[in-house]
Structures are given as C-alpha cells and as structure tokens.
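J.: Okay, here's what each chain looks like letter by letter:
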Amino acid sequence: MSNLEGQDWVYSEKVKDHFLNPRNFLMGDESRFDYDALGQVGNPICGDQMRMYIKVGHDKKGREIIDDVRWKTYGCASAIASTSALSEICKGRTLDDALKIGAKDIDNYLGNLPKHKFHCSVLGHDALREAISNYRQKSK
Amino acid sequence: MRFTDIARNEWCFKMVYLDNAATVPLLPSVRKAMHETEEKLFANASALHTPGHLAMNKIEECRAVLAELIGAEPNEIIFTSGATESNNTVIRTFEGHQIECSPLEHHSIFEATRVYKGNKLPKLYSYMLYNNETGEKLEFPILDNESFLHSDLTQALGKVEINVNRLGLDYATFSAHKIGGPIGVGALYVRSGVPFKPLLIGGNQEHKRRGGTYNTVGIAGFLAALEYVRDNKTWEIYDESIRKLRDTLANHILAKIPGSSLNTDVRRGRSLPNILNVSFKAAEGESIQLYLDSEGIIVSTGSACAAGDIKPSHVLMAKTGDAEIAHSSIRFSFGLDNTMADVERVMEVLPGVIDRLQKISTIKRS
Chain A
1 MSNLEGQDWV YSEKVKDHFL NPRNFLMGDE SRFDYDALGQ VGNPICGDQM RMYIKVGHDK
61 KGREIIDDVR WKTYGCASAI ASTSALSEIC KGRTLDDALK IGAKDIDNYL GNLPKHKFHC
121 SVLGHDALRE AISNYRQKSK
Chain B
1001 MRFTDIARNE WCFKMVYLDN AATVPLLPSV RKAMHETEEK LFANASALHT PGHLAMNKIE
1061 ECRAVLAELI GAEPNEIIFT SGATESNNTV IRTFEGHQIE CSPLEHHSIF EATRVYKGNK
1121 LPKLYSYMLY NNETGEKLEF PILDNESFLH SDLTQALGKV EINVNRLGLD YATFSAHKIG
1181 GPIGVGALYV RSGVPFKPLL IGGNQEHKRR GGTYNTVGIA GFLAALEYVR DNKTWEIYDE
1241 SIRKLRDTLA NHILAKIPGS SLNTDVRRGR SLPNILNVSF KAAEGESIQL YLDSEGIIVS
1301 TGSACAAGDI KPSHVLMAKT GDAEIAHSSI RFSFGLDNTM ADVERVMEVL PGVIDRLQKI
1361 STIKRS
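Those protein sequence lines, which keep their order, are chains A and B. Here the numbering used here is used: the first residue of the first sequence is 1, the next is one more, and so on. Here the numbering used here is used: the first residue of the second sequence is 1001, the next is one more, and so on.
Chain A on its own, in the form it takes in the complex (with noise of 0.2 Å):
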C-alpha cells in the first residue's frame, strides 16, 4: 500500500476505508448467498447500479429482521461505500426499522459525502427497500 494521507484524499478517511475494504459484498455468483429477495435500482448508463441481497430471520420478540445482508455494485467509490456502510447498518434491524434508514444516515455514518455525491447513498437505501418490499410481497 502506498503512504497516503487520510486529509489528501478526496473522500472521508470512512468512505475511504469502506472503499477500499467493503464489508458484506456479494463476490462472484448470487447463488453464493442463500438470499430471500433482492433489490435492484439505478442503471448503468446512469454510471450506477445496486443491488441488495437480504436473508431474513427473526429476533426474539417473534419480529422478522434482516438476519443477513450482501449487495453488489456497479459504482463510484462512494457508491461501493455507501453500499458496504449500509450493509453495516441494516444488518439485525428489524424490517421496519431498516425501512426508516435513509440516505442522511447513510452520509451521516460515513462522515458526510462530498454533495455532488449525495444520489449514490440514495440509491443503496432505495435497493434496500425495494428488497424489503420484494421480500414481503413474496411472503404475503
């Protein structure tokens, strides 16, 4: 590894070290996560696509949760940051609480992303409800 500096680089030392070492992220094929639905927003051409994984459980109170979490990104770095942040913060949530996540928490817990880059922490909370959404139609 190079002798950067935290302060020279473009982004956060957080979105940095999630950059540079996401956590959670679905490598190679999704059949490598035993998942019960997904979420997908955004759009190549657009310069970003997420998807999110989530396995559901339960916690002791009977409430489904998100058990486990992967994603996979198609993004700038702090797309993939956004991602990993909120693969972090969602895991054990309950459905509805995870629901309530929303990008300020996101850019909040990475110590604020530069503003032209706010849409991509949109987009990761998006994928997430839309599997949230995904995985309740299907269990209806």
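Honestly, the hints are just simulated from the structure, not real lab data. Please read all numbers here as calculations on a predicted model, not as lab measurements. Note that the Cβ used here is the ideal one computed from N, Cα and C, for glycine as well. It is possible that part of the hints are untrue.
Some but not every residue of chain B turned toward chain A, in silico, with C-beta under 7 Å [to be verified]: (1) His1035; (2) Leu1069; (3) Glu1100; (4) Ser1287; (5) Met1317; (6) Gly1321; (7) His1327; (8) Lys1359; (9) Thr1362; (10) Ser1366.
Place chain B on chain A using the hints.
T.: Okay, now just chain B, sitting in the frame of chain A:
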C-alpha cells in the same frame, strides 16, 4: 532523476504518474528558468525602463522559439493564460457567425460555440488535431475560400511535428503545462490578416490583442519547455520509446484483463503515441481510478462520477454512443519520464483491481 521525483518523495515514493495529458510535471529546466526570472526579471515588461525591457526580451525570445517551432512568424503569436482563453478568444472573434466544431472538442470550444454561434458568414471551423481523451487523430474538414480554420493543438505540441502552414490553419491553440511548462500560460497563433477580436481589453499589451500585465515568469517557463521540445526533438522520443510503452500496456491489458476493450486506435498515424484509453466491462471508472490511486498509480477517467458531472465524457459518447463504455473508461497518458517499469507496475495492480470490481458488479463482464 525523474521529473516527478519531488512530488513522489513528498507523497508516495512508488508513484506511477500516467496523467500527462492532463498536466505534465514541471521540467527541471523550467523550474530553474522560472526561479531565475522571478529574481532577475521582476519588472513590468511593458515599462520603458531597462528592467522592463529585459523582461520583454525574455517574452520575445519565447515568442520567437514558439513561432519557429510551428512554422509561424513571431508577430502571429499572442500569449494567453492558457488553452481555454486561446480557444474562447477565437470562438468569440466569430460571435454571430456560423461556427462548426467537431463533437470531440474541449468544453472551452464546445461551450463557447454554443454561446457565440450565429448565422453570419464567413464561417469558422474548429477541429482539434488530436483528441485529449482518446488521443485519436481528427481529419480537418475541407474548407471553401471564405471560411477560417482553428485547431486546438494543446495535445499535439511536442508529441508530433507541427507546421501551421502545412496544416492550413488560420488559428491554433497551445498550452505550456502539457509540455512540462507551468500552468496558466498558453499561446494563440493568429495568421496575419485574419479576423481577430481581443477577449481581454484595456491594455496595449500584445499590440492591443490581449490586455493584462505580462506573465514574465510563466512565459519564461514556457520558453524553457519549448526549448526542451526543440532541442530534444521530443516528437521523435514520443514516436519511438513512448509509443513502445503505450503499445506494450495495450497488449498486456487486452491479453490479461477479461472484458477490456481499447477506445484508442493504436495503429500508427491514427492517434498520439502517448495516450491509451481503455474500457473495462462491468467496472466503473472512478472506482478503478481511486483503487489505482490508493496504490500510487495516477490515471484519469471519462466516468461522470469522477468529474462531479451528470453525464459521462462527451468524447467517448460521441465515439461509442455507449454510456456504459464511457463510465467504465480509464485514460493512461504517458510522459517523457515514464519507463517500462511503470507499465510493469500497472500490470501488477490493474488486473486485480478490475477482477475485484467485476466480481462485485451488478453487470456481468462477459
């Protein structure tokens, strides 16, 4: 000693700098010339006193060297603050007239054309000789006797031999920082007798063609860079050794990285020898750029995200019509102090970066 050694020692010892089409690091002789000028030729070059006159001599020396290098007369050269000003000046000269530019032009021509074009004749054509993103060579349009031709030669200077007469140009744009000179200095070639309207008014400098106190230090740096180009015939070095580096990288990438495709036509005569633009299927450009950056490898991308823009590179869109290709593109641009070790270093890192991005991508690479 390599030109980037000082930055390399400060920041990242293993830096491999491959963004020379954006800016070439200052040549040591340029740095020296600028320091000397700062100390000795500080006076206002427009002044009649001796220190002013000495400063003006330096400026005229630069004018003569550039004129000779491009086959022009010294009085046909106007110094500017850079390529954007040179381009804007030409386009604005034809305010209200028909203006046609190639779809691959720099924004400083594209946007100015949109603002200033009209219906009057004569018509101005603006076609760059080589594109900055792909390195591609453009064909000039065939002109009638009434029309005028401008070419942005920012990328061409120093990379190929230039003769404005043989090229049939009425106007041409040059920039110092693409040949190892300082940022903030450029020049405009204006053939004797063609229409001209100054962009900056309010001073007698440049025979009332460009107002503003002379940037003596910058122009002295430009002079040193031009002398380097002339004395070393840098276009021959680019054509031989730099082309070899570029082509080796292209071959390695195509052979070793699945989903890679060239946006540069590397055949001789089709592109500048130092630029290689490549797209990597399913991997996004800004991510590639920043993963490489974290390993000290410096490149650029045509992805929208990197530029903080909504749309990807208009050049790659015009060339390929495919936004995904544009978003997934990386430009490697070589300079005179790159070596084969740089190519090897890129190939140590790049395949892993692309493989990882392709594996986490929503798009399949094949």
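J.: Go through the hint on Met1317 of chain B and say holds or violated, using the shortest Cβ distance to chain A against 7 Å.
T.: Met1317 of chain B check fails; min Cβ-Cβ to chain A is 11 Å, beyond 7 Å.
J.: Take the shortest C-beta to C-beta distance between Lys1359 of chain B and chain A; is it under 7 Å?
T.: It holds, given that the least Cβ distance between Lys1359 of chain B and chain A is near 5 Å, below 7 Å.
J.: At a threshold of 7 Å, is the proposed contact between Glu1100 of chain B and chain A supported by beta-carbon distances?
T.: violated (29 Å)
J.: With 7 Å as the cut and Cβ atoms as the points, is His1035 of chain B at the interface with chain A?
T.: Check failed: Cβ of His1035 of chain B comes no nearer than 26 Å to chain A, outside 7 Å.
J.: Would you check whether Thr1362 of chain B satisfies its interface hint, that is, whether its CB is within less than 7 Å of any CB in chain A?
T.: Nearest chain A Cβ about 5 Å off; hint holds.
J.: Is the hint on His1327 of chain B kept, meaning its closest Cβ partner in chain A is under 7 Å away?
T.: Holds, about 5 Å.
J.: May I ask you to test the interface hint for Ser1366 of chain B with respect to chain A, counting a Cβ-Cβ separation under 7 Å as satisfied?
T.: violated (13 Å)
J.: With 7 Å as the cut and Cβ atoms as the points, is Gly1321 of chain B at the interface with chain A?
T.: Nearest chain A Cβ about 11 Å off; hint violated.
J.: Taking 7 Å as the limit, does the beta-carbon of Leu1069 of chain B come near enough to a beta-carbon in chain A?
T.: violated (37 Å)
J.: Can you verify the interface hint for Ser1287 of chain B: is its Cβ closer than 7 Å to any Cβ in chain A?
T.: holds (5 Å)
The earlier numbered hints that this structure contradicts are 1, 2, 3, 5, 6 and 10.
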